[in-house]
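Asker: Using the sequences and the hints, build the whole thing.
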Amino acid sequence: MNKVLKNSVLVIVFCAVSLTMPAQRMLTLDECRRLALENNKKLKVAEEEVDKARYEMYASYANYLPKVSATGTYMHNSRNLQLLSDENMAALNSIGTTAQGEIDAYREQVLAVYNNDPMAVVSWALLQHDPTLNKLVTDLMSLDVEGSLNQIGEQVSDAFKIDTKNVIAGVVSVQQPIFAGGKIVAYNQITKDLRSLAESKLDMQQQETLATTEKAYWQIVSVANKLKLADSYAESLRTLDKDMDKMLAAGVATRSDQLSVKVKLNEAETALLKAQNGLTLSKMLLCQICGLSLDSNIVLADEKLDDVLVTNEVLHFSESEIEANRPELKCLGLANDIYAKKVAVVRSDYLPTIGAFGNYVISNPSCFNGFQNEFGGMWNFGVMAKIPIFHWGEGYNKTRMAKAEAKIQQYTYDDTKEMIMLQVRQCETQLNEADARLKQTREKLDDADENLRMATAGFREGVVASSVLDLARTAWLQAHSDYIDAKIDRIMAAVNLRKAAGVLTK
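Counted the way our numbering counts, the sequence shown spans residues 1 to 506.
Keep in mind that the hints were calculated from the coordinates and are not lab data. Note that CB positions come from ideal geometry on N, CA and C, so glycine has one too. Treat the hints with caution; some may be incorrect.
Said to hold, decoys possible - Across the chosen pairs, the derived CB separations fall in these ranges:
#1 48 / 167: 42 to 48 Å
#2 324 / 179: 34 to 40 Å
#3 377 / 59: 27 to 33 Å
#4 38 / 72: 47 to 53 Å
Answerer: Written out as structure tokens, the structure is:
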């Protein structure tokens with residue numbers, strides 16, 4: 001019963017541990033490269049820079065097309081406009097009263113003349129007997145001149161008062177550049193180069209990311225193989241430590257030999273622990289590069305192989321291939337073009353510019369039929385030209401300055417090109433050295449294996465001292481470690497050469 005209970009507890013504990021441990025994930029080199037490209041933050045920034053440059057290029061096309069804009073406004077004023085002074089307004093409002101007074105005065109004068117002149121009295125009597133003429137005179141005498149003219153004066157006065165307390169106005173404008181000194185064309189070409197420049201920077205960042213990923217990947221493979229080597233070395237010492245009692249009893253080993261083996265075993269166990277910790281840290285670094293959680297349980301495909309596979313590819317790149325593929329040279333070449341076009345942009349500021357425009361203006365109150373409280377509008381169009389005449393040599397000097405900047409950029413390109421060609425040749429030399437070292441370490445590996453085998457057999461037979469066995473074991477461990485380093489160096493030398501030639505992403 002106790003045994004069954006104990007086994008049940010063990011099963012529960014094992015299941016709990018299994019549930020808490022993250023699932024193991026197998027990663028190949030291609031998968032690591034893909035994850036790094038998908039999750040690298042600097043790459044995301046570079047991709048956004050490409051989008052930004054593309055949108056800027058699209059925006060530059062709009063400079064060829066007419067620009068249409070509409071403007072509207074509403075304004076409330078505390079007072080209306082008045083085109084006449086208050087004195088003139090008062091005179092208009094009382095124009096009938098003034099006229100009536102003058103007419104009455106003139107009539108009094110006429111009556112006075114008639115009253116004093118006998119002939120006028122006779123004429124007035126005859127006038128009274130003519131019905132038509134009498135009616136006309138009666139109508140003229142009864143005419144309300146004051147009221148009529150005052151009303152007309154008030155109407156005229158009101159017409160000179162403009163209702164501007166609420167003003168609404170709007171303008172629809174169209175502008176079309178005809179000639180801008182070549183600035184629009186040059187700017188459009190510059191934005192295209194800026195987009196290509198952003199794409200080249202993205203390629204450069206991708207290659208840097210891939211190089212970092214491969215370095216971290218092969219570092220893990222190297223540490224994993226050295227861990228296997230350290231484990232094998234420690235296991236051989238454990239076996240030898242167990243056999244020391246028999247060898248002491250047989251008289252083929254001494255107590256000093258036994259202690260020496262134990263010391264070596266402790267050193268091997270310590271080295272094994274350091275290798276395990278180094279492998280853990282190396283995997284955490286790769287997880288960070290690939291955008292995975294740092295505690296992800298990853299295993300690399302090449303880590304599980306018994307031996308690191310090294311291809312014997314021959315890599316050589318011509319100068320034209322390097323110039324066409326290296327993103328740094330692409331960037332500098334595009335910068336040359338941009339600075340050359342910048343000269344045209346600077347020069348265009350001092351050339352004539354011609355543009356056409358058209359407007360439609362609408363307002364309320366309208367001023368096209370008096371000042372009426374209604375909407376009224378008009379359209380207009382025209383051509384505008386601006387011709388620089390004299391700027392005290394400013395345009396000439398700025399153009400020369402832009403040309404100097406273009407020459408500086410060209411010199412920078414030539415210098416960088418020479419340095420990159422030198423870097424590629426150095427990488428080719430390092431690759432050849434890695435090939436030679438790999439061949440040498442492979443030959444030394446066979447000798448070290450045979451030397452250790454013979455030393456171990458001789459030590460067991462008592463004909464080889466423990467110091468000789470220690471030397472043989474140390475040489476074996478160093479030979480295997482050098483062989484692993486040589487293979488990883490050969491792989492990384494090829495990666496560095498492809499990166500130097502600009503073909504790491506291809």
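Asker: For this structure, which hints from the list above don't hold up?
Answerer: none
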